[in-house]
Amino acid sequence: MNTIFNSSVGRKLIMSLAGLFLISFLLVHLGINLLVFLESKEPFNKAAHFMGTNPVIKIMELTLFGGFLLHIIYGMIVSLQNKLARPIGYAKSNNSQQSFFSKYMFHTAVVIGIFLVLHLIDFYVKAKFIGGVPEVVYNGENYHDLATLVIARFKIGWVVWVYVAALLGLGFHLHHGFQSAFQTLGLNHPVYTPIIKGLGILYTILVTLGFMSIPVLVYFIK
Amino acid sequence: MDLTLKIWRQENRQAKGRFETYLVTNISPDSSFLEMLDILNQQLVDKFEMPVCFDHDCREGICGMCGLYINGRPHGPDTGVTTCQLHMRKFKDGDTITVEPWRAKPFPIIRDLVVDRSAFDKIIEAGGYVSVNTGGVPDANALPISKKDADIAMDAAACIGCGACVASCKNASAMLFVSAKVSQLSMLPQGKIEAKERVKKMVAKMDELGFGNCTNTGACEAECPKEISLSHIARMNRELYAAKIL
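Protein sequence lines, in the order shown, are assigned to chains A and B.
For the first sequence, our numbering gives the first residue as 1, with consecutive numbering after it.
For the second sequence, our numbering gives the first residue as 1, with consecutive numbering after it.
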């Protein structure tokens with residue numbers, strides 16, 4: 001393992017592995033979130049309870065924070081090095097044909113980073129540390145009524161706008177990130193790479209619209 | 001054709017450069033970009049001014065010496081060609097053309113549009129070779145190599161080391177160049193023996209020289225005059241993981 005992580009390729013390896021981990025996390029996150037559309041609030045609240053208390057999930061939670069941290073820290077290091085590699089820029093901006101979203105990975109990352117903090121304060125910190133979340137009783141057991149909290153939050157117009165804008169940033173980030181991770185891992189193939197790129201676009205659209213549907217639909221119909 | 005040229009002028013490595021504007025008239029659309037610069041330089045010499053310095057050698061697209069950043073693209077608006085193979089018919093009469101040198105920290109400007117690309121030589125010196133005496137030309141079928149592998153190695157070997165990949169990359173990364181040089185050897189039996197050491201040494205040298213990190217934007221592949229594929233970068237990554245981790 002000597003110094004693979006000190007090399008430029010190794011740093012990108014960490015970025016891609018952490019990124020793919022976060023990509024898989026988003027699917028789980030979305031799956032549970034969509035339960036909020038059910039008639040009864042019980043499945044959503046129970047799922048949230050499970051995610052908050054199960055010991056295996058607790059370990060995964062720590063791994064997730066680690067994944068976020070690695071992806072963010074290495075992203076910063078890599079971006080800084082990239083800036084230093086060209087101290088004097090071009091007068092005529094770069095017209096090279098490059099994938100559009102790849103040029104703005106840092107910008108979309110900043111949007112997602114700010115959103116992440118706001119989003120954690122919105123729900124995670126409230127439920128875990130501050131308290132004040134209403135409680136409900138199912139079968140004699142107490143549960144946080146997070147469904148009610150979520151619905152109340154997304155009845156506020158500007159919150160919905162913030163979420164939609166941030167998720168658009170996430171979509172742009174995923175559009176390049178998904179397929180880029182595979183290339184960095186060395187997985188490039190004349191047949192499979194187009195399939196991976198197609199899957200990446202499908203995943204991006206699904207995840208972005210899926211997450212967007214929650215604030216938007218809650219605002220209009222719940 | 002009458003053209004306005006905005007050209008980067010810089011006296012030496014330390015000097016602060018600036019853009020100078022020149023007018024050239026009556027340029028044939030069939031002349032190459034470098035011939036157009038020759039005409040400009042003749043005008044400057046006639047006026048007892050210093051001509052514009054630029055790199056060039058073979059002028060038939062195979063040496064990798066020429067390299068100008070023209071209107072925001074390395075080697076100008078054509079695809080799959082070097083600057084010397086770019087013709088003025090790709091421009092319109094009355095155009096303003098901005099000509100800049102390659103910009104990257106490991107590629108310091110020597111003068112005007114001439115850039116020191118010896119960083120690439122240092123990467124090759126670090127491991128881009130086969131260090132056994134291979135003797136004369138081997139018998140045609142003594143060492144069978146599949147057509148597929150031979151083709152991949154040959155495609156990689158088409159790299160002329162001009163540096164357009166670095167120039168076009170928003171991160172000034174040299175990954176396309178290094179991966180082409182790694183692939184052209186590691187695909188063949190003579191090069192396989194040292195493959196692990198080679199990829200480690202060449203990537204380490206590339207990092208040491210201060211090139212940026214690859215973010216898979218694909219600008220290098222789009223601008224490469226020899227149309228080297230990004231798949232070589234993936235191969236180099238695979239080889240480095242195998243050499244370092246396995």
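Worth flagging that the hints you see were computed from the coordinates, not collected in a lab.
Treat the hints with care, as some may be off.
As the list claims (entries may be wrong) - Quick list of in silico lysine to any residue cross-link-like pairs, SDA-like style, CA-CA up to 25 angstroms:
id	chain 1	residue 1	chain 2	residue 2
1	A	K103	A	I121
2	B	K105	A	L80
3	B	K16	A	I88
4	B	K200	A	K92
5	B	K170	A	Y104
6	B	K244	A	G66
7	B	K205	A	I4
8	A	K92	A	I73
9	B	K192	B	I110
10	B	K16	A	L116
11	A	K83	A	L64
12	A	K83	B	D57
13	B	K200	A	A91
14	A	K92	B	L3
15	A	K83	B	L3
16	B	K205	B	R238
17	B	K201	A	G140
18	A	K92	B	K201
19	A	K83	B	D207
20	B	K205	A	Y104
21	B	K122	A	Y104
22	A	K83	B	I110
23	B	K196	A	L187
To be verified - Simulated restraints on C-beta separations:
id	chain 1	residue 1	chain 2	residue 2	range
24	A	A91	B	R59	52 to 62 angstroms
25	B	V45	A	G113	33 to 43 angstroms
26	B	A242	A	I221	45 to 55 angstroms
27	B	R18	A	L217	52 to 62 angstroms
28	B	R89	A	F100	27 to 37 angstroms
29	B	E125	A	M51	52 to 62 angstroms
30	B	E197	A	L217	26 to 36 angstroms
31	B	D30	A	I201	50 to 60 angstroms
32	B	K147	A	Y124	51 to 61 angstroms
33	B	G80	A	F68	39 to 49 angstroms
34	A	T63	B	D139	51 to 61 angstroms
Unchecked claim - Partial list, derived from the structure: chain B residues whose beta carbon lies under 8 angstroms from chain A:
id	residue
35	A15
36	K16
37	E20
38	T98
39	A104
40	K201
On a predicted model such as this, the values are computed, not experimentally measured, just so you know.
Every residue, glycine too, gets a C-beta built ideally from N, C-alpha and C.
**Asked** Which of the stated hints cannot be reconciled with the structure, identified by number in ascending sequence?
**Response** 1, 4, 8, 9, 10, 11, 12, 13, 15, 17, 18, 20, 21, 24, 25, 30, 31, 35, 36, 37 and 40
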